[in-house]
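A.B. asks: Between the sequences and the hints, there should be enough to build the whole structure, so can you do that?
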Amino acid sequence: MLKYDIVVIGGGPAGLAAAIEAKKNGVDSILVIERDRELGGILQQCIHNGFGLHEFKEELTGPEYAEKFIVQLKELGIEYKLDTMVLDIREDKIISAINTVDGFMAIKAKAIVLAMGCRERTRGAINIPGTRPAGVFTAGTAQRFVNMEGYMVGRKVVILGSGDIGLIMARRMTLEGAEVLAVAELMPFSGGLTRNIVQCLDDYNIPLLLSHTLIKIKGKNRVEGVVIAKVDENRKPIPGTEKEFECDTLLLSVGLIPENELSIQAGIKLDPVTSGPIVNEAMETNIEGIFACGNVVHVHDLVDFVTAESRRAGENAAKYVKNKLKKDGAVLKTQPGDGIRYIVPHVVRSENIEKNLDLFMRVDNVYHNMNMVVKVDGKEIKRIKKRHLAPGEMESVRINKEDLACIYESVITVSLEREGA
Amino acid sequence: MYDVAVIGAGVIGTFIARELSKFDLKIILIDKETDIANGTTKANSAIVHAGYDAKPGTLKGKLNALGNPMFDKVCKELDVPFKRIGSLVIATNQEEMESIKELYERGIKNNIPDIKILSQKEVRKMEPNLNKEIIGALYAPTAGIVSPWELAVALAENAADNGAEIKLETEVTGIKKKEEEFFIQTTNGKIKAKYVINCAGVYADKINEMIASKTFEIHPRRGQYNILDKSTGDIVNHVIFQAPTKLGKGVLVAPTVHGNLLVGPDAEDLNDKENTETTSERIAFIRERSKKTIKEIPFGTTITSFAGLRAVSNVGDFIIEEAKEAKGFINVAGIESPGLSAAPAIAQYVIEIFKGVKKDLKEKKNFNPTRKPVIRFMELSDEEKAELIKKDPRYGRIICRCENITEGEIVDVINRNAGARTVDAVKRRARPGMGRCQGGFCGPRVMEILARELGKDITEIVKDQKDSYILTEETKKNNQSEVDVIEDMTMVS
Chain A
1 MLKYDIVVIG
11 GGPAGLAAAI
21 EAKKNGVDSI
31 LVIERDRELG
41 GILQQCIHNG
51 FGLHEFKEEL
61 TGPEYAEKFI
71 VQLKELGIEY
81 KLDTMVLDIR
91 EDKIISAINT
101 VDGFMAIKAK
111 AIVLAMGCRE
121 RTRGAINIPG
131 TRPAGVFTAG
141 TAQRFVNMEG
151 YMVGRKVVIL
161 GSGDIGLIMA
171 RRMTLEGAEV
181 LAVAELMPFS
191 GGLTRNIVQC
201 LDDYNIPLLL
211 SHTLIKIKGK
221 NRVEGVVIAK
231 VDENRKPIPG
241 TEKEFECDTL
251 LLSVGLIPEN
261 ELSIQAGIKL
271 DPVTSGPIVN
281 EAMETNIEGI
291 FACGNVVHVH
301 DLVDFVTAES
311 RRAGENAAKY
321 VKNKLKKDGA
331 VLKTQPGDGI
341 RYIVPHVVRS
351 ENIEKNLDLF
361 MRVDNVYHNM
371 NMVVKVDGKE
381 IKRIKKRHLA
391 PGEMESVRIN
401 KEDLACIYES
411 VITVSLEREG
421 A
Chain B
1 MYDVAVIGAG
11 VIGTFIAREL
21 SKFDLKIILI
31 DKETDIANGT
41 TKANSAIVHA
51 GYDAKPGTLK
61 GKLNALGNPM
71 FDKVCKELDV
81 PFKRIGSLVI
91 ATNQEEMESI
101 KELYERGIKN
111 NIPDIKILSQ
121 KEVRKMEPNL
131 NKEIIGALYA
141 PTAGIVSPWE
151 LAVALAENAA
161 DNGAEIKLET
171 EVTGIKKKEE
181 EFFIQTTNGK
191 IKAKYVINCA
201 GVYADKINEM
211 IASKTFEIHP
221 RRGQYNILDK
231 STGDIVNHVI
241 FQAPTKLGKG
251 VLVAPTVHGN
261 LLVGPDAEDL
271 NDKENTETTS
281 ERIAFIRERS
291 KKTIKEIPFG
301 TTITSFAGLR
311 AVSNVGDFII
321 EEAKEAKGFI
331 NVAGIESPGL
341 SAAPAIAQYV
351 IEIFKGVKKD
361 LKEKKNFNPT
371 RKPVIRFMEL
381 SDEEKAELIK
391 KDPRYGRIIC
401 RCENITEGEI
411 VDVINRNAGA
421 RTVDAVKRRA
431 RPGMGRCQGG
441 FCGPRVMEIL
451 ARELGKDITE
461 IVKDQKDSYI
471 LTEETKKNNQ
481 SEVDVIEDMT
491 MVS
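The listed protein sequences correspond, in order, to chains A and B.
By the working numbering, the letter at position 384 of the first sequence is numbered 384, and the numbering carries on one by one without gaps.
By the working numbering, the letter at position 47 of the second sequence is numbered 47, and the numbering carries on one by one without gaps.
For the record, the hints were derived by calculation from the structure and aren't laboratory data.
All residues carry an ideal CB built from backbone N, CA and C; glycine is no exception.
One or more hints might be untrue.
Footprint (simulated), chain B over chain A, 3 or more residues, beta carbon under 8 angstroms [what the hints assert, rightly or not]: (1) 77 to 90; (2) 120 to 133; (3) 150 to 158; (4) 218 to 230.
C.D. replies: What follows is the structure in structure tokens.
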């Protein structure tokens, strides 16, 4: 059996940052396991720019951003295995994995960092009726074909869902010579970043149809068209508003789901809202010594935030290996209040907070001129003015350690209050 | 010149072809689709019924009862997933209890073994997740679940192993008889055969009318289904039917052999024999109906919806007979439910008819009833996995992340007899793309492997039908003219 102090599962931005940070914190025996042919994860297919604004104060493409971490990983001499699939993780931190070179491996780890990322929701998951022709792709699959494999997936395109990948693919397909007829979005607001709506749709005159959904796919062999209708406030199609688009391709950008199949097998508890593990301030899951970071915990919109979160996981995994992670002391629970969908981390052991605690969250609707109010056991400790809040843009709040002085089983809430209310 | 041409490579056609391949015969199996099992066989409830349902005295009743016990042997020989998990027909009121009692009586007449009526307590013990309003059920322990298309593929493969030829993408457009020979006109050339067996599913009437006058009609009855993630497959342990009422037969909730959960179907009579569209109204309907069985099925974990067509005849029973006007032409038509359950018995019944038609049938001495076992990597022990990868490293590369399907398994299903030629054909045989990501990750890889193994360009790889192309062309970066343009621009500046 192979033995490592820390095994990181996933060699995307989260896994890379966690491994590097663990190494910097004095753990030498680290293995990164990546199922794809190269490190970097989904960043490798994101050839557009806009990565690294927070992290490096410059605009990088996905592969450029990934490369910075890959170089560092290699310089630090961290071991990694490519084209390697983890089949299961046991609660006792024994991992079984396979590849074509080493064959079947059993690997014992003192700590594990889960960084498997997420996957896209599919047509079946949202039950789009109609025929089942070729030409229906998730935006990410289309992105892989176009950017990595070098093949076009269609010529006349309709996109359902305004998630960031969908928006970026609208621009990408246009640049490659395809015609993007429309982006339809079920909600009255986009699920993507504002900058992507401007740079990927507005700049190319691609219409964004808010409060619209797809009610039918046509075509027996290849997509021949789609029918889109306006929806009412209950998100039900309004009869008479149907509009048919003649197209050969439908791209779906209808949400991402953290990929937690391995976590579930290992007995890790998930948050039903994020579909990711319930974690504490150290990014540790309910199983001691198993940490999680990046999109496997909750779907991020900026890789820079993934990096920051993963460093925290890597640092704490190193502490855990060296028996420096405190297990006792006061435990606080975070609880989303009005207007907030979820907060990560879910649990905070105040003893482990050195200076500040960062809470990450998403709002449930588009809001203007609100206050984000943080309370511990009902007592307000912080209030931040927000001019604009949207579900597509993750929010964070920094809390001082002093403000967390509290009794056992305290509750931190974050909620939105209308300004002046 | 063939002895027998079997038209239609669904589970019935492939079963008959395999039975025929036990004899010294030159056989050809023809289908208009790109793959075996691409009609009714690929989209149904995948149930091997116990056999209490059909009216006593009908062919349906007789062949269902005979067919059910034959599954163990044939599925073992052909290494096809089959589980005899038993079925329950649930009742929520006295009226439904009455109809369950009728089914029980019918079952006794049909000679169905070990059926019994369960009390509420007994049902709850067997199926704790069922709706609390259920007051009793009819239990049939011999009912089972099978993978219908894997069965048909295996039958076709075994028939081919034993010498039968398979011709796909070959649509029959006309049949003529000259003296003792049938001339079958197809979109892929002429085929001559001494005998023809018509297993064309929803098109069986059209095929019959090419050579004989209209004696029956087939109309398609569409049924829609939801299939849910493997995390929900163990909600029930048996196939759960609802008691038939004035409102219809109700929907079933059943695990699949691969551990998913299947909910459906409804029934809708159509005219279009190609209409396998799903509709939001009908999917909503089956979901609503399923509440009677289980209050809250987690439809949020739905992987996909699909619709299948049953070949319903105007006769009300299976039509399995030689056409009166065309000696040597045997119709096997109207094979609606319980057609899959009856399939092994239908095949033997056809052989009996055929023996009457062709008197000098000789059994083959070297018939091989088994096919090369299918390696299902994830079902192996750790030691077996290690050993296999050492022998063939392609089993060490996972292509499908959801179902953990290796490259070795995919290459195998492409290179077998009756092997896969399309992305969906690979999916049906080895399951990449059957999982929750529905091919999002593995799709490009499967296409790559198909192209490599078949010696094709990746743009030639199709999803399912001939015209279901996936990629249109290379991107601009590979386009020479683009480079020229840039060079021109450089020269200008």
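A.B. asks: Are three or more residues of the segment 120 to 133 of chain A within 8 angstroms, CB to CB, of chain B?
C.D. replies: Per the Cβ count (11), the hint holds.
A.B. asks: Cut-off 8 angstroms, C-beta pairs, minimum 3 residues; does the coverage of the segment 150 to 158 of chain A by chain B stand?
C.D. replies: holds (count 6)
A.B. asks: Can you take a look at whether the segment 77 to 90 of chain A is actually covered by chain B? Rule is 3+ residues, C-beta closer than 8 angstroms.
C.D. replies: Since three or more residues must qualify, the claim that chain B covers the segment 77 to 90 of chain A holds, with 3 doing so at under 8 angstroms.
A.B. asks: Under a C-beta cut-off of less than 8 angstroms, do 3 or more residues of the segment 218 to 230 of chain A approach chain B closely enough to confirm the stated coverage?
C.D. replies: holds (count 3)
The structure fails none of the hints (numbered hints given earlier).
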